[in-house]
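**Q** On the provided structure of chain A, position chain B as indicated by the hints.
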Amino acid sequence: MARTVYKSATAYQLSAFRRYPGLTVIAVVLALLASLLTTLASWVLGDAIDALQFSADNNLGMTPEFIGYCWLILGIALLLFVTIIVVGYAFAIMTLRWERDARQEFFEVIQRNSMTFHDQVDSKQMLAVAMQDIRWVRFSLNPALRNIITSIGSLIIASVLLALIDFQYGLFPVLGIIVAIGAPLYLFLAYRYAVAVEPVRRTRSEQNEKLTEITQEVFRGVEVVRAFGTERFESEKFTKVSKEYERLMTREGRLAAFYLPNLVLTATTAAAFLYCANQVLTGVFTVGTLVKAMALLGSLDAFSFMLPRFLLVIRGGHVNAQRIVDILAWKDPLKEPSESVKTIDWNGDIIFENVSFSYGSDAPNALKKLNLTIPAGSRVALIGGPGGGKSTILKLLLRLYDPTEGRVLVGGVNLRDVSTRNVRDAVGLVEQNIFLFKMSVHDNIAFGKQDAADDEIFEAAAKAQATEFINELPKGFETVIGERGMTLSGGQRQRLAIARTLLQDPRILLLDDSVSAIDVHTEYLLRKALEEVMRGRTSITVTQRLRTLLEVDLIIIVDKGSIVATGTHDQLIKTSEHYQHIFERLPGAVSYTGTKNSGGAN
Amino acid sequence: MAGHRGPGSLAGVREKRSRSMRVLLRAMFKHLGKFKRIIAIAAVLSVLASIFMAVDPLVLSWGVDLVLDPSSAFSAILLLCVLYLVLKLTSWILGSLNTWILSGAQAGFVQSLQQSVYDKLLRADLSYHKAQKSGDVTSRVISDTDSLSAGIQIIIDLSSQILLLVATFILMWLTSPLVALTALLVVPVVLLIVVLFGTVGQRIMLATQRAIGIVSGQIAESLSGVHIAKAFNRESETAATLSKLNQEAYRHGFKFMMLMTLMQPLVRATGIAAMSAVLFVGGGLAVGAASTLTLGQVFLGTILIQRFFMPLLSLSMNATQFQASLASMDRLMDVLETEPTVRDALDAVPLSENSDGVVFRNVSFSYLEGSEVLRNINFTIAPGETVAVVGHTGAGKTTIAALINRFYDPQSGQILIGNQDMKSITRESLHNTVSLIAQEPYLFNGTVMENIRYGKPSATDEEIKTLSRLMGADEYIEVLPQGYDTLLFEEGKNLSAGQIQMISIARTMLANPRILILDEATSRLDAYSESLVQSAQEKLFAGRTTVVIAHRLTTIANASRILVFEHGKLLEHGTHTELLAKGGRYKVLYDTYYHHQTAGEITEEAVARARDELRKIGSQASV
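Protein chains in written order, with our numbering: chain A, 1 to 602; chain B, 1 to 623.
Extracted from the complex, chain A is given alone in its bound form:
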């Protein structure tokens, strides 16, 4: 879907209708027709009463005229029924399709955003925006806007009809004046109520979210609460928030008491009654006219509380729309090149040239003017302290981010000039916390390559030493991960991730291999799998694995965003104090150096 830029929250809200201009016009016209029909029924009621009056005066039975009026009202009811359904249908088409597409658009836009975006946002919040906020915007259009059109339409049409009564008799428009005062006052007060309630309601629902959040938090971490014996502290925290919620709930509820528009309607009705009754008494109006006036005003009664409620939903929807528009307008610092360089030697040297990087404008630099050359086809180990920049180097190579300063070159080409799609075809990643989807084992491996054949998938699994354990799963390759407690151990997840990457067959392999201790069987299989996946490509491994350090062509030590030393194990162990310090803290290092010193390396 093409990315649409919305000028404002209102434009976003109204985009539902812009897509169907013809249908919109029909829907609005029919909605107004529905209002007209509702008021018309009251008008005809007055005429029917007049017909009855005529019969009573002349000692007649039911005249055909009266019966005709009764049928007319019934006909109005039927026509109204059909009209409202058509209006509802048109609105449902426009707004529900909009909701569907808006959700899709929102997801696709944020999915395309670079990791800079995803690092900053809470994915639960994004989910809430995609589901709830978009739904509330839709609510603001349907039913809220739909009903507002009908309500205000009814109010205006009823006012006009009332004013017409005097006009009919050629009199000074007293009723016109009464409604000209009553109707705007009514609307104004309803609007003022909505405006007064809105902030209270918003804070109340924010407070409700807060209450939900702290409750969720506490019960997810209930073991921590128990272990530290902080029940009283947590209870008091809850009391504070829930008391505030109580206050806001009370305030919102109380605002609905003494709802003034109802009084305005009563006063208008009383005034109209007094005037019309007097006119009937003096013989100017028929009794039907009095009934007309009363029935017209009475028909407005039904909309009385609906109006502000829907006004609230529309204003609330606007706030939601603003939030969505703001998220959609996020400017990505990572820009795709207008034309991606096609001929790149992915087997060439990888060069970091004066690279600086920070995860956010206010975050400290994760890399500081880093210079680094990784010779083509070599195996490299990255080691260093926490937050030193190891995984940042991997992420820049995958072009999940662009450097803030400097360049990353592969085979002489700046990665900025290569589309992310091309980069990620050529560069593969096995990350530290393996993420697997709630899909079958088969589909998880197949994620590595579009339209992978089953044979390829089985082969990748075999090379990753995963076939054996997969076959032992309840449904083999079709076992869904994460379903009904179907969990895998760290070593198994890692091998699935390796299979996924083998299927992708990248030119450059990035591996974040910070394993926890595993049994010797798994360790053995893992080593074989790693051997398999590294074969024939440039590989960069973040590792703590003693064996890897001994075997790689190059060890790079990064600390606090800079390179500390590079070289092979044999070189570094002699020249770098930093390396010695790390190395001797690795498990098995003591016995390794020990045996080496006594002359018998394993």
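Just to be clear, a hint being listed does not mean it is correct.
Stated by the list, open to error - Straight-line alpha carbon distances no greater than 20 Å define the calculated PhoX-like cross-link-like pairs of lysine-lysine that follow:
no.	chain 1	residue 1	chain 2	residue 2
1	A	Lys438	A	Lys475
2	A	Lys243	B	Lys34
3	A	Lys124	B	Lys493
4	A	Lys237	B	Lys120
5	B	Lys133	B	Lys120
Claimed, not checked - Chain A stretches covered by chain B per the calculated footprint, using a threshold of three residues with CB under 8 Å from any CB of chain B:
no.	segment
6	180-188
7	332-344
Simulated from the structure, these hints should not be mistaken for lab results.
All values reported here derive from a predicted model rather than from experimental measurement.
In this text, a Cβ means the ideal position worked out from N, Cα and C, and glycines have one as well.
**A** Chain B alone, transformed into the frame defined by chain A:
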């Protein structure tokens, strides 16, 4: 408009209840507690308001009859008009007072109920929480209490609506029994609406909710795996999958919306059609030789029919919401009536200052009846001793840690701290003395600083920073975007596993417990960081009673004694050297798990042995 309870409240999902309506209503009444009187006042106001509301059309109809009588004076009309205003104003004031009073009472009721449910859950057995999804627990506290309050509102509305309905019908009957009978024509329509929404509506609604739930799940999953979709260039496929589900949700949603849309024309058209019928019948009675109705009464009939129809409809629609409230009450009673099994004895005393060391005496424990996790365990950990607990997954190691924290009580046997039985001491004093660093550390939303301070609320910033420096955690924290002030969210998604674990370790170290339990606390740290923590621990906790559930050779070898567990039994204990020399289970474990942590080549023989060993144990996971 469905309001914030969502469209579900209209169609009404009927849930199975375990208690009778009578029990639930009585419980509802009981829990009103101190709000009983104020809610009673509100109910009286509401009923009074509807009485005034019921009679005001009468005034209008008198007016019509009055003006038809040429002998009437303007003053009489004025009088009626004033009467109308007074009636309207009175019912407006009464209704408003009711709203005003009830708002406060309802909010207060919800708060007090929320608080008691929350407090109850906070002290509920951990076994209860283990069996629940945290989302379910949250909806007990938030939505069920809210739904209950809606139920109270409905009961009050119910009384005034029934009153309005009955009063209106009596007025109609008094006007003309025939008109009143005509009004009954709307009853089938009301029934139709109720049945339509109860059957078809409910089915469509559930299908819609399910379809939306699937969309939501798909988005959630895709967002948490977005880096993988990017790394493998699969964004378009993910979008295509969503698009299909989205279309499905639209299809269901459209049906539901049309059903909801159908309701409005049905109601409005029926109202007008009923008016036509009453007009026809009333008109027939008003004219001709045997005229029994005045025109004012005909007009009255057309107004009353509306007032009969609407309360009848909302009454029937409310019935489903009321069912939902009863179901909520049912669930809340489940929570409120459950007494935790693990609680302080009546004569519990604080743990004495000198009590130290842990003793297990014939302890057996099972989470579920019939499957024992620990069997007749006996061991003593002397004050100041560091003991390692090793064994395969499922051997019962984590359970040992949980029991020392008294998360559960053993079914038989005794656990002592020093020489005090754990069941005779207050849990508060126990938790001040014993601290656990769990396998899967949990961090709260909040800053890093706040999370560490959780271990000791009175700690100053300086204290926390000094401690972090000592244990090497500052290295991890200072590289965060805002250092100690970095806000954590989504259980610390913005942190690495090592950073999370470091913070949780710092939190416990700050609490400064006399007895420390580490449940694979450093498993997610890389070897280098782990060694940092270990040195810190040695520095800070030297001479403290420590139980370590561990998996790395270095940790285990440093312990003064090792307890070897298998299938809930304590098989061996002794020092590393002793146990290796003995050549028992520990030796096998050592060969399978620890030996290769050295740089050594892995031999085919060792692999084969390990595989057999794991098969025997039936464990597919690591230690």
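**Q** Taking the hints in turn, state whether each one holds.
**A** Hints, one by one, checked against the model:
no., hint, result
1, A:Lys438 with A:Lys475, "holds (15 Å)"
2, A:Lys243 with B:Lys34, "holds (16 Å)"
3, A:Lys124 with B:Lys493, "holds (11 Å)"
4, A:Lys237 with B:Lys120, "holds (15 Å)"
5, B:Lys133 with B:Lys120, "holds (16 Å)"
6, 180-188, "violated (count 0)"
7, 332-344, "violated (count 0)"
Checked against the numbered hints given earlier, the structure breaks hints 6 and 7 and satisfies all the rest.
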